[in-house]
Amino acid sequence: MSAADLAARALRAIRSAVTIGCSGALAMLSPASAACPVCGRAFRGQGKVSFAGLCPACTEAIPWIRRIECPVCGRPERCGDCARRTAASFVASRSAVRYDASVRSWLATYKYRGHEALGPVLGEMMAEACRHLLAERRARYPHFRFDALVPVPLSEERLAERGFNQAEQLASCVGARCSIPVVEALRRTRNSGKQSYISRRERMRNTQGLFAADESRLPALFLPNDTRSRSIESLVATFWPTFGSSPTPHAGQPLRLLLIDDIYTTGSTIDACAGALSESLRRLYPGTSVEIYALTLARS
Amino acid sequence: MKVLVYALLEERASSCRWTLDPEADRWFWLAPGVERFRQEQGLDGGAGKDRLGEERLIRGLADRIGNFEERGVKIGCKMLVWDEPLPLGAAIEAAARWRRMTSGRELEQKTAEGALRRCVQEAMEAEGGFERQGAKINGSRAEYARPILKWGPTGDGGLIDAADGDGGQPDAPRPPSAAGKSAAFAALTRQARQDAEQLRGRALHVPEALALLGVAEWRELAPRLQFAALLGLARLEAAVAPAPPLSGRWRQRGAAPRPRRCQRCGSGEAQLRRTPCASCGRRACAYCEACLAMGRSRECGLLILGTPSRACAAPPSAAPQLSMAARLAPWNLSPAQQAAAAAALRYIESAPPQEKRRAKPAARLREAWRRLAGRFAALSAPPLAPAYPRLPRLLASASNRLRLLRGDGNRADREASALSAPQPLLERDEQPAATALLAATDNVPRRQFLLWAVTGAGKTEMIFPLVAAALERGGRALIATPRRDVVLELDPRIRRAFPAERVVTLFGGSPQRWESGCITLATTHQLFRFREGFDLVIIDEIDAFPYHGDPQLHYAASRSLAPDGATVLLSATPPAKLRGQARRGSLPHARVPVRFHGHPLPVPAMLRMPAVDRLLRALRFPPALRRALQASLDRGAQLFVFVQRIRHVAPLVARLRREFKAVAIDGTSSKDEERADKVRLFRDGAIRLLVTTTILERGVTIPRSDVFILDADGRLFDDASLIQMAGRAGRSLHDPAGRVYFGAPAVNNAQRSAVKEIRAMNRIAMKKGYLKANESGKPPAPAKPPNAVQPTAATPDSPSVAPIAEANR
Ligand SMILES: [Zn+2]
Ligand SMILES: [Zn+2]
Ligand SMILES: [Zn+2]
Ligand SMILES: [Zn+2]
Numbered sequence: 001m002s003a004a005d006l007a008a009r010a011l012r013a014i015r016s017a018v019t020i021g022c023s024g025a026l027a028m029l030s031p032a033s034a035a036c037p038v039c040g041r042a043f044r045g046q047g048k049v050s051f052a053g054l055c056p057a058c059t060e061a062i063p064w065i066r067r068i069e070c071p072v073c074g075r076p077e078r079c080g081d082c083a084r085r086t087a088a089s090f091v092a093s094r095s096a097v098r099y100d101a102s103v104r105s106w107l108a109t110y111k112y113r114g115h116e117a118l119g120p121v122l123g124e125m126m127a128e129a130c131r132h133l134l135a136e137r138r139a140r141y142p143h144f145r146f147d148a149l150v151p152v153p154l155s156e157e158r159l160a161e162r163g164f165n166q167a168e169q170l171a172s173c174v175g176a177r178c179s180i181p182v183v184e185a186l187r188r189t190r191n192s193g194k195q196s197y198i199s200r201r202e203r204m205r206n207t208q209g210l211f212a213a214d215e216s217r218l219p220a221l222f223l224p225n226d227t228r229s230r231s232i233e234s235l236v237a238t239f240w241p242t243f244g245s246s247p248t249p250h251a252g253q254p255l256r257l258l259l260i261d262d263i264y265t266t267g268s269t270i271d272a273c274a275g276a277l278s279e280s281l282r283r284l285y286p287g288t289s290v291e292i293y294a295l296t297l298a299r300s
Numbered sequence: 001m002k003v004l005v006y007a008l009l010e011e012r013a014s015s016c017r018w019t020l021d022p023e024a025d026r027w028f029w030l031a032p033g034v035e036r037f038r039q040e041q042g043l044d045g046g047a048g049k050d051r052l053g054e055e056r057l058i059r060g061l062a063d064r065i066g067n068f069e070e071r072g073v074k075i076g077c078k079m080l081v082w083d084e085p086l087p088l089g090a091a092i093e094a095a096a097r098w099r100r101m102t103s104g105r106e107l108e109q110k111t112a113e114g115a116l117r118r119c120v121q122e123a124m125e126a127e128g129g130f131e132r133q134g135a136k137i138n139g140s141r142a143e144y145a146r147p148i149l150k151w152g153p154t155g156d157g158g159l160i161d162a163a164d165g166d167g168g169q170p171d172a173p174r175p176p177s178a179a180g181k182s183a184a185f186a187a188l189t190r191q192a193r194q195d196a197e198q199l200r201g202r203a204l205h206v207p208e209a210l211a212l213l214g215v216a217e218w219r220e221l222a223p224r225l226q227f228a229a230l231l232g233l234a235r236l237e238a239a240v241a242p243a244p245p246l247s248g249r250w251r252q253r254g255a256a257p258r259p260r261r262c263q264r265c266g267s268g269e270a271q272l273r274r275t276p277c278a279s280c281g282r283r284a285c286a287y288c289e290a291c292l293a294m295g296r297s298r299e300c301g302l303l304i305l306g307t308p309s310r311a312c313a314a315p316p317s318a319a320p321q322l323s324m325a326a327r328l329a330p331w332n333l334s335p336a337q338q339a340a341a342a343a344a345l346r347y348i349e350s351a352p353p354q355e356k357r358r359a360k361p362a363a364r365l366r367e368a369w370r371r372l373a374g375r376f377a378a379l380s381a382p383p384l385a386p387a388y389p390r391l392p393r394l395l396a397s398a399s400n401r402l403r404l405l406r407g408d409g410n411r412a413d414r415e416a417s418a419l420s421a422p423q424p425l426l427e428r429d430e431q432p433a434a435t436a437l438l439a440a441t442d443n444v445p446r447r448q449f450l451l452w453a454v455t456g457a458g459k460t461e462m463i464f465p466l467v468a469a470a471l472e473r474g475g476r477a478l479i480a481t482p483r484r485d486v487v488l489e490l491d492p493r494i495r496r497a498f499p500a501e502r503v504v505t506l507f508g509g510s511p512q513r514w515e516s517g518c519i520t521l522a523t524t525h526q527l528f529r530f531r532e533g534f535d536l537v538i539i540d541e542i543d544a545f546p547y548h549g550d551p552q553l554h555y556a557a558s559r560s561l562a563p564d565g566a567t568v569l570l571s572a573t574p575p576a577k578l579r580g581q582a583r584r585g586s587l588p589h590a591r592v593p594v595r596f597h598g599h600p601l602p603v604p605a606m607l608r609m610p611a612v613d614r615l616l617r618a619l620r621f622p623p624a625l626r627r628a629l630q631a632s633l634d635r636g637a638q639l640f641v642f643v644q645r646i647r648h649v650a651p652l653v654a655r656l657r658r659e660f661k662a663v664a665i666d667g668t669s670s671k672d673e674e675r676a677d678k679v680r681l682f683r684d685g686a687i688r689l690l691v692t693t694t695i696l697e698r699g700v701t702i703p704r705s706d707v708f709i710l711d712a713d714g715r716l717f718d719d720a721s722l723i724q725m726a727g728r729a730g731r732s733l734h735d736p737a738g739r740v741y742f743g744a745p746a747v748n749n750a751q752r753s754a755v756k757e758i759r760a761m762n763r764i765a766m767k768k769g770y771l772k773a774n775e776s777g778k779p780p781a782p783a784k785p786p787n788a789v790q791p792t793a794a795t796p797d798s799p800s801v802a803p804i805a806e807a808n809r
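Just so you know, the sequences run in chain order S and D. Going by full-length UniProt numbering, the first residue of the first sequence is number 1, and it counts up by one from there. Going by full-length UniProt numbering, the first residue of the second sequence is number 1, and it counts up by one from there.
Simulated from the structure, these hints should not be mistaken for lab results. Worth double-checking, as some hints may not be accurate.
Among chain D residues calculated to face chain S with C-beta under 7 Å, some are [to be verified]:
#, residue
1, T275
2, C277
3, A278
4, S279
5, R493
6, I764
Heads up, the beta-carbon is just placed ideally off N, CA and C, and yes, glycines get one too.
Using the sequences plus the hints, can you model the full thing?
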């Protein structure tokens, strides 16, 4: 058994322990630990199938996307959009669930009513989809990994009003579950920025529209894993030099970013974000090849 | 959200305040020209329609005019503005710390700057405001030093930054010319008064206030609200805040944070969740999960409180004093209804019970007194000693105000004290104590009256005269009920009874959500959006879900009542606690023991039969049940068949359809999407027998109906729910003697107590002579037990069907 195998095994053990710990903490965080965080009904769930502490009925109601028809946008039906699209800025997009009536009401409760307790639950669903995406890619590229999660930003005004950015909260859930660092590398060009940025902001608006890369944050995408986050990998890596994380982008691998948002409707938001990111990266880091993927909670 | 904090320095006084819009405060405190404005607005006359609002406004203005008249511009108040917005909680805390630190006494500017700096830094530290700035300031509050802007008035009516140099701020808007300012001031005040009229009696979050006032942008609303608050026409608070510390012990640095409470629904820490917040920048900003469905209460979010409803409780002496009978006559009530309505009216119109009111917060009052006394001690302390010529007046008005807060002294007295000469120093000074006291009186149980009326007594008709009386006094009336379907059903009846009044019906998604009227009809959840808004609060079906057992809804209901108002609780089956209070005499109440048609309540008969689970598995249908069902069908009745479990409905329907092939039988439950349709078909008689769960225990009234309660000994049916289900029978004048069966293998306490309750009501009705004579002319069986008058299927020779008395004794 090689040292790498040992390390991988240790890593798996630690990760599963962490996952169990996290869901335990999730259950304790909600005010009445027996109540379902989604519908609020108390339930006796011992022995029944329960996802992230949901009651059996709500677990049942999760409209998972299990079969993907369109390899680009992850749609569960046949897809004309992607066949027509000439140049998408992203490689592929996946969604955890279909945007049906129950997901719509969960998202509304979470985003508009501000029931932030739902964040970890929805984030857990996305982590599930993220693991599937990784497995799907690794079947073809065994060394496939994401270098960072990039949440789609809110405008500063909206952020102040709502108090939180759902994409950022979901991204940090996925990041914690899948051990990928979160880098807030995007910003909205409207209602944001400082006076001195105005000329550049104007330029961004002309070229990219609503989103722009936050260029001060871009270097964070290239830092080795352990300095960006205190993930389990980085901790293991520190004590296990043979398994140490290689500097990113590792040899021969492109920089792979995963955009995180709550809903994928037409794909224009994801496309604009991916466009803004890759444009800035190409300009500032000319030698790097970049692949951008997207993960959303729901696919409408 | 974040707000700005400033210290206001005046002659002989200082205070620390927070503001949504510093320009509004700058005008309010520093701009002269208010005198002319007051004349323009005709505020001296005070004979407007809106007396209380006017008086409040005058008080607010008098307060600030006092600054100019008595001390004048030359003396000059000054504003020291902390040049960085603080999280709302920290700003409120800073103001509180200033009060403790300085006791509100006059301060030199240099001293005041130091005090402000210290208050802000300590508040930021205590309220977690440093968490986000942590990186910037290296976690050390010593380095958290922002410039303090100094604003003061000039002699010629302009505003300048106060004269000592280091407080220049390049980006502060230049104050407009004196004339422009005066006009803007007038416009803002007018607007604030209009807003205050709409905010009256409400408790709203910012998005709700935007919707109510029809404003699109917070930027536009903020100065209007701030101005209303400065004029005393609205109160601005944090939606989740620490309980007011009345004990006088203050939290030291580093001590555990004071527990928070949702100011809208009253929930404590158990219902609060803390999350990082981009609105105030803190890592742990609490929000309330208990009332989330009505919009999110957040620690850094505002709760906007309007002034209380304006009516007075005392009956106007000028109004013609009609006799009670004459007042009730138009409403066409039965004798039992009349007696109860009269008792309720007499209670509502009696003077508030002052002894009780005073007794409870006595300790808190003493505390407030102590603090006020401390304030005066501070006033007379050596450095301030030279001038207190106004002290006698201050003391007099202080005791006046205390009297007001205790609730003694009549209203005229209070108005007089409120209107008496400007008391600038005291008014402001005393405010914290006063708010604490108001909070204390909130804990005093408000006046409550229980109308305990049997099912089918005609509760709705009885509340009409109460509502009419409240409107006559110029008050606003609220009729609330936990259930939306009951609201929808009451709506046309109320509108028909009060065709001339403006009726507003509120429920989730109601189109009238932001309208105001004299009569408000609402689900109990809507009460979260009101504060001291109604002079009469009627709560129907107090024992129904979700109101029953929900402390948040009870809190909201008690807070929606104006200070001198009264609450009337309606129920056929009041919760045990209220029944006990009524029996002991601590809860004023009236019983209506008889239905509007004057016939006694059907007494349930015991039907020995197996549990539904067994019935469904057995091959043989219980013959006793079959006979009773057949008898009811034969007499042409519609049959309610209640079961405990949703899962029993479908199989029982199938079984009954097999047994009674020619009869239209169906079933429904809370999970049935066609419920409304089936209820309609049942009403129309297209369905003869409806199997249902307790979902139909209230509200559905069928003229000729019999009731079968299966598994009556099950744990989901308590005595209240048995009485409610039994109450579905015999509602109509044409079929007053419907049949009720408790079908179960055993008789339990719930069944016994339900029967006891029904018999007791019948006995009272008979004793009071409310029972109508039969067709035969003689009163219904005065000597026999009430169940004898009921044409029960319990024929003496049927062994399995016996009146319950035999069955259980
Ligand atoms: Zn659930
Ligand atoms: Zn596609
Ligand atoms: Zn609340
Ligand atoms: Zn906050």
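Status of each hint after checking the structure:
Interface hint at T275/D: satisfied, since its Cβ lies 5 Å from the closest Cβ of chain S, which is below the 7 Å cut-off. Nearest Cβ of chain S to the Cβ of C277/D: about 5 Å, under the 7 Å cut. The hint holds. The beta carbon of A278/D is positioned within 7 Å of a beta carbon in chain S (closest approach about 5 Å), and the interface hint is therefore held. For S279/D, the shortest C-beta to C-beta distance to chain S is roughly 5 Å, which falls under 7 Å, so the interface hint holds.
With a least beta-carbon distance of about 33 Å to chain S, the hint placing R493/D at the interface is violated under the 7 Å criterion. For the restraint placing I764/D at the interface with chain S, the shortest Cβ-Cβ distance is roughly 40 Å, beyond the 7 Å limit, so the hint is violated.
The structure does not agree with the numbered hints 5 and 6 stated previously, though it agrees with the rest.
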